[in-house]
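Asks: When the letters of the sequence shown are read in order and numbered with my numbering, they come out as residues 3 to 587.
Everything labelled a hint here was simulated from the structure, so no lab data went into it.
The reader is advised that the hints may include incorrect statements.
What the hints assert, rightly or not - Dumping the calculated DSSO-like pairs for lysine-lysine here, alpha-carbon to alpha-carbon at most 27 angstroms:
hint, residue 1, residue 2
1, Lys434, Lys490
2, Lys452, Lys395
3, Lys359, Lys480
4, Lys395, Lys303
5, Lys434, Lys420
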Amino acid sequence: MSGQTVVNSSRDRVHSGWSRVRLFHLDGEHWRVRGTGRVAITTSDEDPLEQRLVVEGDGGDTLVNRAVPARGRVKQQCGLLISWQEEGQETVLSFASPVDCERTWYQLTGQTRKVYRDADASSSTSRVDTHDIDAECRDAPTPTRGGDGWESATSCDPLRRMESREATGGAPPQADPLALDQGMCCTHKLRWCPTSVKCALKWQERLLDDCGHFLPESQFVLIGPSQPDYIHTLVAGKPSAPPLVILPGYGAAAGYFFKAIPYLARNWRVYIVDWLGTGLSGRPRFPVRPKDAIDERARVKAEGFFIDSLEKWRKVMGIAKMVLVGHSLGGYLVGRYALKYPAAVVHAILASPPGLKDRPEGFSDEEYLEATNEHHSKLTGIVIKICSKLWNKGLTPGALTRAMGPLGKLVVYSYTQKRFHDQPDGGVPLEKEELHHFKRYIYHVTAQPKCGDAALRFILAPYAWPRNALGPHLRHRKVPMTVLFGDKDWLDSTGLDEMIADLRREAGQHCALDMDLVTMHNAGHFLFMDQPGEFDRFLGTVAKMHGIPWSGGEEGAEFFAAPRPVKNEVHLNPAKPADLVETME
3 MSGQTVVNSS RDRVHSGWSR VRLFHLDGEH WRVRGTGRVA ITTSDEDPLE
53 QRLVVEGDGG DTLVNRAVPA RGRVKQQCGL LISWQEEGQE TVLSFASPVD
103 CERTWYQLTG QTRKVYRDAD ASSSTSRVDT HDIDAECRDA PTPTRGGDGW
153 ESATSCDPLR RMESREATGG APPQADPLAL DQGMCCTHKL RWCPTSVKCA
203 LKWQERLLDD CGHFLPESQF VLIGPSQPDY IHTLVAGKPS APPLVILPGY
253 GAAAGYFFKA IPYLARNWRV YIVDWLGTGL SGRPRFPVRP KDAIDERARV
303 KAEGFFIDSL EKWRKVMGIA KMVLVGHSLG GYLVGRYALK YPAAVVHAIL
353 ASPPGLKDRP EGFSDEEYLE ATNEHHSKLT GIVIKICSKL WNKGLTPGAL
403 TRAMGPLGKL VVYSYTQKRF HDQPDGGVPL EKEELHHFKR YIYHVTAQPK
453 CGDAALRFIL APYAWPRNAL GPHLRHRKVP MTVLFGDKDW LDSTGLDEMI
503 ADLRREAGQH CALDMDLVTM HNAGHFLFMD QPGEFDRFLG TVAKMHGIPW
553 SGGEEGAEFF AAPRPVKNEV HLNPAKPADL VETME
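With the sequences and hints as input, model every part of the structure.
Replies: Set out below in structure tokens:
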């Protein structure tokens, strides 16, 4: 392996699609700085499926121009450590994250497989002392930054990160997610509930495979002393970019954002976080027991389990301030987090959140079913009513899936097929391959051991009404907030326009955009899946509000919908585009 050259990407990325890189040369067993250059992964006009790895030195000389087989597509992401080695007629490509060179190495020889630093020495890629690489990275001269970098923009001080493990070349402490599989049947297929963490990781990896240049990295960040105290996080984008932290809704997980990641990672350092006790995060003991009474004390404990663990995660990751996005129940919890920890939030976005308003007095279940979905069949209505009766007994989708054993997989597959392909709320239905990966991912995430799903009945009543409405508490907010809905969302948003108008008036004239309600065209409850590009442009508008450089396209307000009728004839009044444009100017 002597004579091998390594490309270590810096934080800069030029607009032509190239990434600024540091070049290293392997001299015997030591890495030596060779200089700087640039790297890109290109496709051929004649064959769009063919990818080529191109590396050039600063002098313009081409160091590498190699075709990559379609089966072994190279994923370019700012921050890659790329190496190549010719063995006869075979070209071996390897790459890893230079932010923490002790993490996973990948090898591409027709197909992708993981080779860890402590892997068997018989692997076709020789082991290298990655500490030497890390030292060279720190000692090498940093290429001159352009004027468009986020760190060079003085207007972005509200989002400037403090010295973190990630920013200084270290890594947050990691947990072993496969520990949850220990002590169980050796093969998941023989279990009553045929799943495992390993299976969930496998289908997440396949689901995210199409993120291309912005393939995210999975991290399992330890936030406590015990093994289950870890939070699964998908990380993508430049380490120097402003942090965007996204939290999924109830029953969902980080992989749900697979369509949005390639858009968001162009301008943000994206962190998609599975709430503790959900998704692929650890399962510590939940603070509320199943037999505890459903009261205010239990609600505070249940919400604190999620909110306080998110704050621990933020501190471990070393993020001083962040733009925070929460979807569905995650939006409700993000609102609670912003109230409790306002110093850490620049802007809070509540996407399709339940729980903003109390249930109207005298509002029957039949009226709710009619208001939220006028196309319910009688059978569906009966099933929903039965489930609502069992809600307070602790019945959850996860509990039902686990109880059904092998049959649960078929039920989840059927739901996913109907929900995201046959009858989507808005946008484009999932393609066949996407659907194949997604429904398997959903099952293996949903069937994981119980923990966070037990919180549902303590936070929300049947039909997603809150135990303690969030809306009235937003009078005490200390950070700007935006409530975002799709125009085809099933959640009832009756009266939110009046509530938010009142909150805006209370804010006074000093902060015109302190609280907004925005509706997105042709999008349902999962608006980031239905319209990922519009979701990205919406976040671009938020970025402009805070002086954050954003280059994802024109930040026009064409994706903000006109007031839409809610099922019971109540109209929403979203933020006016003119107001947004005036504020940005």
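Asks: For every hint, state whether the structure bears it out.
Replies: Do the hints match the structure? See the list:
no.	hint	verdict
1	Lys434 / Lys490	holds, 23 angstroms
2	Lys452 / Lys395	holds, 15 angstroms
3	Lys359 / Lys480	holds, 20 angstroms
4	Lys395 / Lys303	holds, 18 angstroms
5	Lys434 / Lys420	holds, 13 angstroms
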